[in-house]
Every structure is written in C-alpha cells, then in structure tokens.
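Generate the whole structure from the sequences, applying the supplied hints.
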Amino acid sequence: MENIDFLNFKEDWTYIKRMIISVAVHLEEKHDYIRERAVGDLIDIIQEMDKREPRRDYS
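Residues are numbered in the numbering used here as their position in the sequence shown, beginning at 1, plus a constant of 608.
FYI, nobody ran anything at the bench for these hints, they're computed from the structure.
Don't be surprised by glycine CBs; every beta carbon is placed ideally from N, CA and C.
Misleading hints may appear alongside valid ones.
DEER-style ranges, computed between Cβ atoms [stated by the list, open to error]:
#1 646 x 623: 13 to 23 Å
#2 647 x 623: 15 to 25 Å
#3 626 x 663: 18 to 28 Å
#4 625 x 647: 15 to 25 Å
#5 639 x 663: 39 to 49 Å
Here it is in structure tokens:
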C-alpha cells in the first residue's frame, strides 16, 4: 500500500508548464533570445521540477 500512496501523489504542475511554454514562445518569436539563455531557462525549469518531485519517506 505504501507504493500506491507514493504513486498517487499529485502535484500542481501549472507553474512548470507555464515556464516551458514561455521558453517555447521566446524561441519561436524572439530572435534575440539566444540558445545559451534558453538552456539556462530550461535548467531552471528542471531544478524547479526537482524541488516539486515527491520524495519517498524511508523512515
């Protein structure tokens, strides 16, 4: 049952989705949005996802 409870954990990913869409829009529309900035923004998104990832309690 412990595994099922862990898998059923649901996080609101709306903020993450908005960040990803923002990067996509910038890449599509802005010519001054350089690749290095896009990579940096995507790294920020991944770090935010890591913070929100559910952690299993092994205690």
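Hint check:
Restraint check, residue 646 to residue 623: a C-beta distance of roughly 18 Å satisfies the suggested window 13 to 23 Å. A hinted range of 15 to 25 Å holds for the C-beta pair residue 647 and residue 623, which are about 20 Å apart. Residue 626 and residue 663 have their C-beta atoms about 24 Å apart, which keeps the hinted 18 to 28 Å range intact. In this structure the hint that residue 625 and residue 647 lie 15 to 25 Å apart at CB holds, the actual value being about 19 Å.
Evaluation of the 39 to 49 Å hint for residue 639 and residue 663 yields a pass: the beta carbon distance comes to about 41 Å.
This entry satisfies every hint, going by the numbered hints stated previously.
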